[in-house]
Amino acid sequence: MKAAPFEYSRAADIDEACAWLAADENARIIAGGQTLVPMMAMRLARPTRLVDINRIAGLSYIRADGDAIAIGATTRQCDLERDALVARDLPLMAKAIPWIGHAATRARGTIGGSLSNADPAAEQALMAVTLDAVLNYREAGKTAEIKARDFFIGPMVTALPAAACLTGVRYPVWRGKIGIGFHEVNARRSDFAFVSAAVQVELGADGMCKRIAIGVGAATDFPMRLDSAEAQLTGTMLDAAAVKDAVTQALADIEAMDDLHASAAYRKRVAVSLACRAVADARASALGEKIHAH
Amino acid sequence: MRIELDINGETRELEVEPRTTLLDCLRDQMQLTGAHAGCEHGVCGACTVLFDGVAVRACLIFAPQAQGSKITTIEGVTPGPGEMSVIQDAFCETHGMQCGYCTPAMVLVAHALLVDNPNPTREQIVDAISGNICRCTGYAQIIDAIALAAERLRGANRPVEQRV
Ligand SMILES: Cc1cc2nc3c(=O)[nH]c(=O)nc-3n(C[C@H](O)[C@H](O)[C@H](O)COP(=O)(O)OP(=O)(O)OC[C@H]3O[C@@H](n4cnc5c(N)ncnc54)[C@H](O)[C@@H]3O)c2cc1C
Ligand code: FES
Ligand code: FES
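So the sequence lines, in the order shown, correspond to chains A and B. Anchor point for the first sequence: position 234 equals 348 in this note's numbering, and the numbering is continuous, going up by one each time. Anchor point for the second sequence: position 93 equals 122 in this note's numbering, and the numbering is continuous, going up by one each time.
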């Protein structure tokens with residue numbers, strides 16, 4: 115369980131990191147190391163050079179940016195977990211973070227690493243897709259952006275160019291009568307999800323659904339949005355039977371993952387249940403009702 | 030490559046291969062064998078050390094990455110040679126260990142928890158140690174140990190950082 119030899123470079127700034135990546139196609143960025151180091155220990159990854167971005171000044175931040183919250187790529191999960199701005203403006207993310215590994219892995223793991231790694235079960239990938247995040251990256255001295263829904267393209271595969279460094283992510287903030295719901299099924303809370311569901315709603319004064327985002331993670335190759343259900347439920351009172359109908363239809367044709375932990379049929383069935391529960395919780399929390407833990 | 034590490038308040042200069050984990054560096058080059066090697070890929074928690082005061086897995090950090098941070102190992106938490114910290118004492122008294130493999134890590138996790146939160150609930154203690162596997166005790170006495178240490182430390186007439 116020892117990594118193969120490699121060269122180590124601590125990058126002083128993003129462009130230096132990108133230059134190292136451009137110079138060697140087997141060079142890899144190391145952020146929190148909570149996925150990359152185990153992969154290297156198991157020799158599933160054998161980078162020739164590690165480009166350490168942990169000490170790049172100004173790459174770790176959480177700040178309000180117009181109608182969004184902007185988060186720097188090397189911001190650690192534990193910093194997000196404790197942040198007042200995240201708790202207030204990104205309550206869905208605040209709710210999901212305790213499900214990401216353990217305190218000791220959240221102390222090192224970064225949001226940029228989690229997104230770049232693109233595990234189908236990663237809570238941060240589900241958050242980015244559900245909240246319509248926009249990711250920023252730098253490559254060869256140029257800055258570019260990509261929507262979360264275009265970023266994830268397969269299990270552990272993203273649209274990020276090979277010599278690019280993710281620099282930050284912006285999450286639009288919803289204002290008004292907002293509610294959230296998050297549910298996950300796994301072996302233990304700290305383990306990767308078999309299925310997860312995240313929902314954010316905005317209700318009108320009369321309790322009618324003005325806007326809803328429903329995301330499902332770990333069921334398919336990368337987190338998905340239930341677009342048809344969202345369209346169907348907007349403008350309704352989110353009545354339980356209608357929610358179940360809409361969610362069931364939206365998930366009817368998915369190609370669910372199938373592995374030792376959970377069969378495709380199980381994942382599909384649980385996805386429906388969790389998405390319905392998350393919608394119910396989101397509605398209840400927007401109305402200020404108490405949510406019963408299951 | 031040459032690196033400089035701040036371990037238990039002492040600066041040490043070392044020659045390492047970049048692929049040397051902080052865990053192997055502590056154990057093999059500094060004879061600080063209190064950090065244990067269990068799985069060496071991040072799942073068991075036996076290798077826990079404090080990295081700038083925060084509990085992390087030493088098997089998931091390469092030694093050169095630790096340059097510039099303060100590392101505390103179990104060897105660094107005792108008040109003096111031959112003495113034990115309040116938390117270590119509490120582990121003895123409540124039988125918070127059997128084989129001892131997980132124990133240094135559990136003590137350090139408790140250390141980080143109690144500096145941050147002197148009055149943890151049972152649930153918060155369980156959450157804090159949830160990343161550390163113990164194959165012997167069934168965890169109950171470990172939780173008791175941390176609760177006992179918390180109670181004693183709250184009673185101590187010293188600022189939090191100096192108590193633990
Ligand atoms: C015991 C354990 C349990 C875990 N449980 C969970 C869980 O329940 N849910 C979950 O989501 N995760 C879990 N994780 C993974 C953890 O969240 C990781 O922190 C995360 O997946 C990767 O983030 P990192 O910063 O550690 O990235 P690293 O491991 O450093 O890097 C991961 C990958 O991303 C690339 N990368 C990193 N940063 C950038 C960047 N800025 N630009 C471009 N590429 C970059 C690296 O090159 C590498 O390929 C767990 C990990 C452990 C050890
Ligand atoms: S040895 Fe580090 S977590 Fe198991
Ligand atoms: S006391 Fe033996 S593993 Fe915990």
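FYI, nobody ran anything at the bench for these hints, they're computed from the structure. Backbone N, C-alpha and C fix where the C-beta goes; we use that ideal spot for every residue, glycine too. It cannot be assumed that every hint is accurate.
[Stated by the list, open to error] So, partial list: chain B residues that the calculated Cβ filter (under 7 Å) puts toward chain A:
no., residue
1, Glu69
2, Pro93
3, Gly160
[Claimed, not checked] These stretches of chain B come out as covered by chain A in the derived footprint (C-beta under 8 Å, 3 or more residues):
no., stretch
4, 54-63
5, 168-174
Hints, one by one, checked against the model:
A cut of 7 Å between beta carbons decides the hint on glutamate 69 of chain B: the least distance to chain A is about 4 Å, and the hint holds. A hinted interface residue such as proline 93 of chain B counts as satisfied when its beta carbon comes closer than 7 Å to some beta carbon of chain A; here the least separation is about 5 Å, so the hint holds. Look at glycine 160 of chain B: its Cβ gets to within about 3 Å of chain A, closer than 7 Å, so that hint holds up. Residues of the stretch 54-63 of chain B with a Cβ under 8 Å from some Cβ of chain A number 0, which does not satisfy the need for three, so the listed coverage is violated.
Under a criterion of three residues with beta carbons nearer than 8 Å to beta carbons of chain A, the stated coverage of the stretch 168-174 of chain B fails, only 0 such residues being counted.
The structure does not agree with the numbered hints 4, 5 stated previously, though it agrees with the rest.
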